[in-house]
Amino acid sequence: MAAVTRPQPELDDLPASSPPIDPWAQIVQGFDGNRSDLVPVLQRAQSLLGYLPPDAVRRVARWLRLSESEVFGVATFYAQFRFTPPGRHHVRICLGTACHVKGGVQMLETIQRRLGVGAGETTADGEYDVERVACLGCCALAPVLTLDEAIHGQMSVLKLQGILDAEASA
Amino acid sequence: MPIESRVRSRARRLRLEVDGHKVSVPAGTTVLYAAELAGVSIPSLCSHKELSPFGGCRLCAVDIAGIGGHPLACSTVVTDSMEVTTDTDGLRELRQEILQLILSEHPCSCIFCGEQDECRRSLTTIRKAGVTTGCRSCPNDGDCELQRVVEQVGITEIGYPITYRGLEAEHDDPFFDRDYNLCILCGRCVRVCNEVRGTSVLAFKYRGRKTLIGPAFGTSHIEAGCEFCGACVSVCPTGALAEKVSKWDGKADGVETSTCPFCGIGCRLEVAHKDGRLSSVSGALDSEINDGQLCVRGRFGLPEATHHYLRARQPMLRRGAYFRVANWDEALGEVAERLKQVAPDEFLMLVSSDLSNEGLFAAQRLVRSGLGANGVDSTAGASLPGGPGVWSRLFSLPVSIKALSEAETVIVAGLDSRFSFSVVGVQVRRAMREGARLVAVDARESNLARMADEWVRPEPGDEARALVEAVRKWPGGGTLAVVVGPRVFDCPGAGELVSRLETLAQDEGVTVVPLVHGANIRGALELGALGGVLPGPRPDEGRGLTLADMRAGKHPKVLYLVGEAPFTTRPDCDFVVAQDLYLPPFAVDAFLPAASFAEAEGTLTNLEGRVQELRAVERLPVGAVHGFALPDWKIFSDLAGRLGRSDLEYADAAAVRKTIRAEVSGFAAEGDRAPRRMAPAELPVEPAGDTVQGTGRFVLVPERASFRHRGIDLAGVVEGLGELHLEEGLRMNVADMTRLGVEPGGTVTVSLGSRRVAVAARPDPDCPRRAAYVSLIEAWGGVGGEAADPALELLSRLAARPVRVRISAGDRSPARKRGGAHVPGR
Ligand code: SF4
Ligand code: SF4
Ligand code: SF4
Ligand code: FES
Ligand code: FES
Numbered sequence: 024m025a026a027v028t029r030p031q032p033e034l035d036d037l038p039a040s041s042p043p044i045d046p047w048a049q050i051v052q053g054f055d056g057n058r059s060d061l062v063p064v065l066q067r068a069q070s071l072l073g074y075l076p077p078d079a080v081r082r083v084a085r086w087l088r089l090s091e092s093e094v095f096g097v098a099t100f101y102a103q104f105r106f107t108p109p110g111r112h113h114v115r116i117c118l119g120t121a122c123h124v125k126g127g128v129q130m131l132e133t134i135q136r137r138l139g140v141g142a143g144e145t146t147a148d149g150e151y152d153v154e155r156v157a158c159l160g161c162c163a164l165a166p167v168l169t170l171d172e173a174i175h176g177q178m179s180v181l182k183l184q185g186i187l188d189a190e191a192s193a
Numbered sequence: 018m019p020i021e022s023r024v025r026s027r028a029r030r031l032r033l034e035v036d037g038h039k040v041s042v043p044a045g046t047t048v049l050y051a052a053e054l055a056g057v058s059i060p061s062l063c064s065h066k067e068l069s070p071f072g073g074c075r076l077c078a079v080d081i082a083g084i085g086g087h088p089l090a091c092s093t094v095v096t097d098s099m100e101v102t103t104d105t106d107g108l109r110e111l112r113q114e115i116l117q118l119i120l121s122e123h124p125c126s127c128i129f130c131g132e133q134d135e136c137r138r139s140l141t142t143i144r145k146a147g148v149t150t151g152c153r154s155c156p157n158d159g160d161c162e163l164q165r166v167v168e169q170v171g172i173t174e175i176g177y178p179i180t181y182r183g184l185e186a187e188h189d190d191p192f193f194d195r196d197y198n199l200c201i202l203c204g205r206c207v208r209v210c211n212e213v214r215g216t217s218v219l220a221f222k223y224r225g226r227k228t229l230i231g232p233a234f235g236t237s238h239i240e241a242g243c244e245f246c247g248a249c250v251s252v253c254p255t256g257a258l259a260e261k262v263s264k265w266d267g268k269a270d271g272v273e274t275s276t277c278p279f280c281g282i283g284c285r286l287e288v289a290h291k292d293g294r295l296s297s298v299s300g301a302l303d304s305e306i307n308d309g310q311l312c313v314r315g316r317f318g319l320p321e322a323t324h325h326y327l328r329a330r331q332p333m334l335r336r337g338a339y340f341r342v343a344n345w346d347e348a349l350g351e352v353a354e355r356l357k358q359v360a361p362d363e364f365l366m367l368v369s370s371d372l373s374n375e376g377l378f379a380a381q382r383l384v385r386s387g388l389g390a391n392g393v394d395s396t397a398g399a400s401l402p403g404g405p406g407v408w409s410r411l412f413s414l415p416v417s418i419k420a421l422s423e424a425e426t427v428i429v430a431g432l433d434s435r436f437s438f439s440v441v442g443v444q445v446r447r448a449m450r451e452g453a454r455l456v457a458v459d460a461r462e463s464n465l466a467r468m469a470d471e472w473v474r475p476e477p478g479d480e481a482r483a484l485v486e487a488v489r490k491w492p493g494g495g496t497l498a499v500v501v502g503p504r505v506f507d508c509p510g511a512g513e514l515v516s517r518l519e520t521l522a523q524d525e526g527v528t529v530v531p532l533v534h535g536a537n538i539r540g541a542l543e544l545g546a547l548g549g550v551l552p553g554p555r556p557d558e559g560r561g562l563t564l565a566d567m568r569a570g571k572h573p574k575v576l577y578l579v580g581e582a583p584f585t586t587r588p589d590c591d592f593v594v595a596q597d598l599y600l601p602p603f604a605v606d607a608f609l610p611a612a613s614f615a616e617a618e619g620t621l622t623n624l625e626g627r628v629q630e631l632r633a634v635e636r637l638p639v640g641a642v643h644g645f646a647l648p649d650w651k652i653f654s655d656l657a658g659r660l661g662r663s664d665l666e667y668a669d670a671a672a673v674r675k676t677i678r679a680e681v682s683g684f685a686a687e688g689d690r691a692p693r694r695m696a697p698a699e700l701p702v703e704p705a706g707d708t709v710q711g712t713g714r715f716v717l718v719p720e721r722a723s724f725r726h727r728g729i730d731l732a733g734v735v736e737g738l739g740e741l742h743l744e745e746g747l748r749m750n751v752a753d754m755t756r757l758g759v760e761p762g763g764t765v766t767v768s769l770g771s772r773r774v775a776v777a778a779r780p781d782p783d784c785p786r787r788a789a790y791v792s793l794i795e796a797w798g799g800v801g802g803e804a805a806d807p808a809l810e811l812l813s814r815l816a817a818r819p820v821r822v823r824i825s826a827g828d829r830s831p832a833r834k835r836g837g838a839h840v841p842g843r
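Residue numbers (this note's numbering), protein chains in the order written: chain A, 24 to 193; chain B, 18 to 843.
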């Protein structure tokens, strides 16, 4: 593709909503604006910002001369991107084959009932975010979930309730 | 790329056999299209002849000798001596299976309902579905491709469990509704938005069973940058996307090809009518101009602009304290009487440049020849930046929208094609798809700047000089199109720009597309409906009253307003006549109801000089209910008759055109819509100067308001346009507003020298820092007595060109200090 020359929008040219994107320079560092860099750029943005806020999608879109919808369409196709800010605690629920068979879905439903949010979402108070993963690599312990760094295996609805109660009173 | 051009561009022909029918097609043709040429119809849902193959629905599976499996006809390219079979038991079964799967996710009781025949006849329900299934959201236009395919494939029941996604239908955006429960994910809308419009508002979001069509983050279409061009609605094979205004009109009685009356591009339209009324509009496949595409005005604005409930449809006269309905005889008699008595230098007629050629010509002829007066003018004069002289030169250049779409280099200055001149934007993107390089010259981050290969961002209001530079850099050779938005001709250095464009256009490969608002502004210039211009155009040495005189306080005794009322209060005249679609927002002495573009035959001249036909699609009985409106030329003709000037009467629109041809050399022959070049003439000019005047940190850039039709603000009559708030307030960069401490919609005071105007400020993400954009209010008749924002009107008078200003937060205008209402006429 021919060289693309465009004045960069000034940082504050874009409307400020959600968190301001200061690490913009870091996000685009080493990339030269080719559309094929979309996924790596989004990955960098997510690793720096923790998630992909609308501003980031908008800036990445304008930088790569794509529409926001195209960027969002690609981003939502991959399970790795999240669009809500991460919570203080991170729950990952495994729905891989083994865990699915052993009742992973019930674990997810329990979480949903207790926290009021589903996979890919963050509770309104910012305490928990919930993620579903395909396999945590310890199928012998199925069904498995993790709370922050701790791995909880051979879960049941009751055990999960207990863990959440303990967290709530901690 | 549309099939036609794909077919045209390659010469080699291949022979193949489809179900035993022999056919020869150009290389590059798909099996689906080849079958169509052979007269064999293969069921398909996701393919569309304007769009790239997608292979999503898999209904078009066929058998091809030597190729295993069931290749897809829509995405397989023909090779020589191919043998295609489209109809075997196996294929039929396969298709039935696939279609059942598609339908299992689509509310489709309408398709299998036992009452189908009965229902089709009486149309008691909509597309023959029960309310409970949610299919009520389908328009009952009898135009469901899915139903047709079901008939073709021949299924009568579904062997799969039916799922209903239970999505909420989306009604919040203007112009069209979206019910994605009916969506079969064929991807046509995504492709048309992306490939044809280049807007990419729609995308496939999420994946698997959750896949959904729509913009990012579930934002509204307004926020997502949708042009509301309706292209997606036109290609959707189901009722998922449906136009709001015509949704319940039912199957149209007929369709006529006409011309869009809203801007100088002159897009060709397919106007559908029902029960004698205009129902809905879509783009005509005219390869010279719009190729099936339209902008929001043309696509969605026409029905409401024609049928607005405030349309004034009867002649009216003031009698003492009363303003009452009269018949044509009385009304014309009274107006003729006044015209007979008035001295020629005390008369002024203001004509809108949105009238048909017939109306414009008859208007100026009545004044010049019938009254011996010279007072004929138009706000079009003010809409032509730089003056008529500049535009007679610009229109003498080869202007071609088609050449633009085929150019190798495109330079666009000062144009955001989201809502205005969208069709030009579509052609720019088409050129880019074929490999053209786009250079955008714009201080604003316009939709075209966003996708340009090179974006030159000058200081606000300095696009003309930047464009001259950009053009100078073009190495020559190859083809070049230069598209210039109306704002640019107001910028300093515009004079040099015009000369530069003239030199450039001597090169064979160059086309220039100068854009200006006003549907028939080129016609108004050619036919002498402006101050200082005679038909031809030729300069008018005689001196008559002009709009500028009125602005300076010199009022005519008799003022005749035709299709525009550029005042918010009644001007100080003895007798004011208005001939229009709506009553002006102030008292007049006589009102003559004019026919709208949909009610009368006529012609419009587009920016390329094409004279194109307007068709009368509204056929309502004349009477108290539907009114007594007459075409503009007919009213002038009748008045001439009453003035005893039978030589100025015309039997029909064709007779007016005959007279035009006799007086204006080079006017198009009957039925000829080829582009024409104007002979440049020594007409009045207003040089734009060399620098931006004034002092202050901000540049105030005026833009000519574009959502006007016959003097009224279209946002006032077309509900959806009102919801877009396109031309309201002062538009500024968000960061500047934050720095000033102004909330969106908050008041700022603009100081130009010693004048101060308080006006509401709106954040505009495309606006550069230290700039403010405002829409000029030149002609605003208002509807239902509504007047334009007086602060904007004042700004329009003070800043006709980019000017340096100071901007501060809050209201510090003198009007406020006096503490009085600063809203005249309300
Ligand atoms: S109306 Fe036009 S711009 Fe908007 S989504 Fe549909 S195709 Fe895209
Ligand atoms: S909305 Fe219509 S055109 Fe778009 S994917 Fe769905 S069915 Fe196809
Ligand atoms: S671009 Fe102009 S002519 Fe075409 S549809 Fe829009 S307003 Fe009408
Ligand atoms: S499937 Fe859950 S840990 Fe492997
Ligand atoms: S038409 Fe070929 S896959 Fe849909």
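Take the hints with a grain of salt, since some may be wrong.
[Said to hold, decoys possible] Far from chain B by the CB rule (all over 10 Å, computed), these chain A residues: (1) Ser-59; (2) Val-80; (3) Arg-85; (4) Ser-92; (5) Gly-119; (6) Cys-158.
[Stated by the list, open to error] Derived Cβ-Cβ restraints for the label pairs, each shown as a range: (7) B:Ala-186 / A:Arg-136: 23 to 31 Å; (8) B:Leu-757 / A:Arg-136: 46 to 54 Å; (9) B:Gly-183 / A:Thr-120: 27 to 35 Å; (10) B:Gly-739 / A:Cys-161: 57 to 65 Å; (11) B:Gly-763 / A:Arg-136: 25 to 33 Å.
[Claimed, not checked] Which chain A residues face chain B? A few, computed with CB under 7 Å, are given here: (12) Glu-93; (13) Phe-100; (14) Pro-108.
Simulated from the structure, these hints should not be mistaken for lab results.
Glycine included, C-beta positions come from ideal geometry on N, C-alpha and C.
Here's how the hints hold up against the structure:
| no. | hint | verdict |
| --- | --- | --- |
| 1 | Ser-59 | holds (17 Å) |
| 2 | Val-80 | violated (6 Å) |
| 3 | Arg-85 | violated (6 Å) |
| 4 | Ser-92 | violated (4 Å) |
| 5 | Gly-119 | holds (16 Å) |
| 6 | Cys-158 | holds (18 Å) |
| 7 | B:Ala-186 / A:Arg-136: 23 to 31 Å | holds (29 Å) |
| 8 | B:Leu-757 / A:Arg-136: 46 to 54 Å | holds (48 Å) |
| 9 | B:Gly-183 / A:Thr-120: 27 to 35 Å | holds (29 Å) |
| 10 | B:Gly-739 / A:Cys-161: 57 to 65 Å | holds (60 Å) |
| 11 | B:Gly-763 / A:Arg-136: 25 to 33 Å | violated (44 Å) |
| 12 | Glu-93 | holds (5 Å) |
| 13 | Phe-100 | holds (5 Å) |
| 14 | Pro-108 | violated (14 Å) |
Hints 2, 3, 4, 11 and 14 from the earlier list are contradicted by this structure; the remaining hints agree with it.
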